[in-house]
Amino acid sequence: MATMAGDRGHAGDGSRRDFLYVATGTAAAVGTALAVWPLIDQMNPAEDVLALASTEVDLSPIEVGQSITVVWRGRPVFVRRRTAGEISAAAEAVVNDLPDPQTDGDRVQQAEWLVLVGVCTHLGCIPLGQKGTDPRGDWGGWFCPCHGSHYDTSGRVRKGPAPENLAVPPYAFVTETTIKIG
Amino acid sequence: MQPGGFQSSSKIVQWIEYRLPIFSFLDHSVGTQYPSPKNLSYLWNFGSLAGIALVIQIVTGIVLAMHYVPHGDMAFDSVERIMRDVNYGWLIRYIHANGSSMFFAVVYIHIFRGLYYGSYKFPRELLWWLGLVIFILMMMTAFMGYVLPWGQMSYWAATVITNLFTAIPWAGEAITEWLWGGFVVGTPTLTRFYSLHYLIPFVIFAIVFVHIWALHVHKSNNPLGVEMKTPKDSIAFHPYYTVKDMFGLGVFLVVFGFWVFYFPNYLGHPDNYIPANPLQTPPHIVPEWYLLPFYAILRAIPSKLGGVIAMVASLWVLFLVPWLDTSRVRSATFRPIFKQFYWLLVADVLVLGYVGAQPAEGIFVHIGRIATAYYFVHFILVLPFVGWMERPRPVPDSIAEAEAARHGRPSARAGE
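So the protein lines, in turn, are chains W and F. Quick note, the numbering used here runs 11 ahead of the 1-based positions in the first sequence. Quick note, the numbering used here runs 699 ahead of the 1-based positions in the second sequence.
Hints in this document: simulated from the structure, not taken from any laboratory. Heads up, some of the hints might be wrong.
[Stated by the list, open to error] For each label pair, taking beta carbons as the anchor points, the in silico distance ranges come out as:
#1 W/A44 to F/A1072: 36 to 44 Å
#2 W/P156 to F/L898: 29 to 37 Å
#3 F/F1075 to W/T43: 22 to 30 Å
[Claimed, not checked] Covered by chain W, according to a simulated footprint, are these stretches of chain F (three or more residues, beta-carbon under 8 Å):
#4 760-772
#5 780-791
[What the hints assert, rightly or not] Just a few of them, taken from the derived set where beta-carbon distance is under 10 Å, the chain W residues facing chain F:
#6 T35
#7 A40
#8 G42
#9 W48
Since this is a predicted model, take the numbers as computed values, not measurements. Heads up, the beta-carbon is just placed ideally off N, CA and C, and yes, glycines get one too.
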């Protein structure tokens, strides 16, 4: 259409009308994309949600062998003060035999303190094992009741459908007895 | 205009077209096969602009509904959260709030264009009625939307407007409590307004399609008010009016952006940034600008029931305009007397709008009453009598002839 009667007198293949047509279309497409972006971005986490993105945890009341659950970004985070037996059990595992090979040393900052996102990597259930009366699976860590995944005392998956180890959230020791997650 | 039906070389288009003739439908609705009068002015852009304004309101409204909380204790804070915390929430809310003003501005121009060019006359009476139904639904939607932020103006606007129903004899009290879901405006009122504020725009959307359906039966009126008779009177909707509508849209969006980015709160009221307080009324309550003329009519009658009746009648009288206007000539272009009264009506409505924003005391009461009286006199007396008495100027036989004369040519051009 654009190269028909109206362009008589213009030399070459690319006429002035073609240029205007493409330029207008491009401007409209870019403008539309810019207008649509806020409508998409509004569904991302809002500022007040992001403001809750880090959580500080006081470790001093936790006894050896005890686990606590704290909430970070709306999810449970397991903090376990491991016993010497649990630490050595985690260290003795043959890494290459694991479904998701990782050494215990890569998963902790201080051997006594294990910090994990308490969400099963299979389909998002919360594994049992925080309370002394909970089943802790065959490796003494956590057991997910939904589909039977077993986690060891380093939070690594040993058996069951879960593809990965329980995630270690980003955290740092603010003081000797305080960590900041996130 | 291409002769014959819809054709495409694309195999995919042909495949779909054979099963669902949507391409030829579009082509006959807004494409090359839809003939439009070739003399449409920019005043004919405002129909499509109104449709786009409606879509902008629906899209931004759906997004706001993702963050808004319809509860008396949380509504105000949730709106503030939209303004401060939600990504681009300020932009989306300002577009929605100013969008209602833009929508009404466009629709008022659309309505007054129809009044000037006699677009309501035979055979477009139902088209006019459907438009008025949309207009009334728009006012309901806008009012209920204004209540949702749950600021002081929201709360007291809801109180004042719902109290109009107490003017109904005998059942007024019961009806008002039924509307409120309580003994005052409260959370039950807010939640039902929210529900209806979400629903009615989709009803409007559906009626817009019936409005367009009725439009497409007899096609657009035009500045001459002369029907299209031969193909020489028309041009194809696409590309001529699609391009013209797109250009108009660009101008509209610039004006829209001017308000949203530079004066986002100018058309609002600062009191609405104070959380709703059922125990204290702000000293001066006014509705949004687009409802002011009707508010002025309400206040002009020194009787509770009378004011409500006058306000309702000011809308109902518009439905009778196709029969109140007795002239057989459509366009004001050829009606010298009508034209003067038309501009008097425009001035009258502007005065009503001004008075509606002023405190109901002193001189404004008298001006409001005179302006209200003229509003009804215009429709009930002036329209029929001018139609009978006036001698219209000669109306051209066809659009093509008039356009050729306007361009100083002896006969119509062979084609555009």
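Report task. Answer holds if the nearest beta-carbon of chain F is closer than 10 Å to that of W/W48; otherwise answer violated. Result -> This hint holds: W/W48 lies near chain F, its Cβ roughly 8 Å from the closest one there, short of 10 Å.
Original post:
Any CB of chain F closer than 10 Å to the CB of W/A40?
Top reply: Violated, because the Cβ-Cβ distance from W/A40 to chain F comes to roughly 13 Å (cut-off 10 Å).
Problem - W/T35 as chain F interface residue, shortest Cβ-Cβ below 10 Å - result: holds (9 Å)
*Three or more residues of the segment 760-772 of chain F near chain W by CB distance under 8 Å?*
That given contact holds, which follows from 3 residues of the segment 760-772 of chain F lying within Cβ reach (below 8 Å) of chain W.
Check, residue by residue, whether the segment 780-791 of chain F contains three or more positions whose beta-carbon lies closer than 8 Å to a beta-carbon of chain W, and give the verdict.
Per the Cβ count (9), the hint holds.
Hint says 36 to 44 Å; check whether the CB-CB distance for W/A44 and F/A1072 agrees.
violated (53 Å)
Check: Would the stated hint for W/G42 survive a check requiring a Cβ distance to chain F of less than 10 Å?
Finding: holds (9 Å)
Range hint compliance [Cβ, F/F1075 to W/T43, 22 to 30 Å]:
violated (46 Å)
Tell me if the beta carbons of W/P156 and F/L898 are separated by a distance inside 29 to 37 Å. violated (43 Å)
Violated hints, in rising order: 1, 2, 3 and 7; the structure is consistent with all others.
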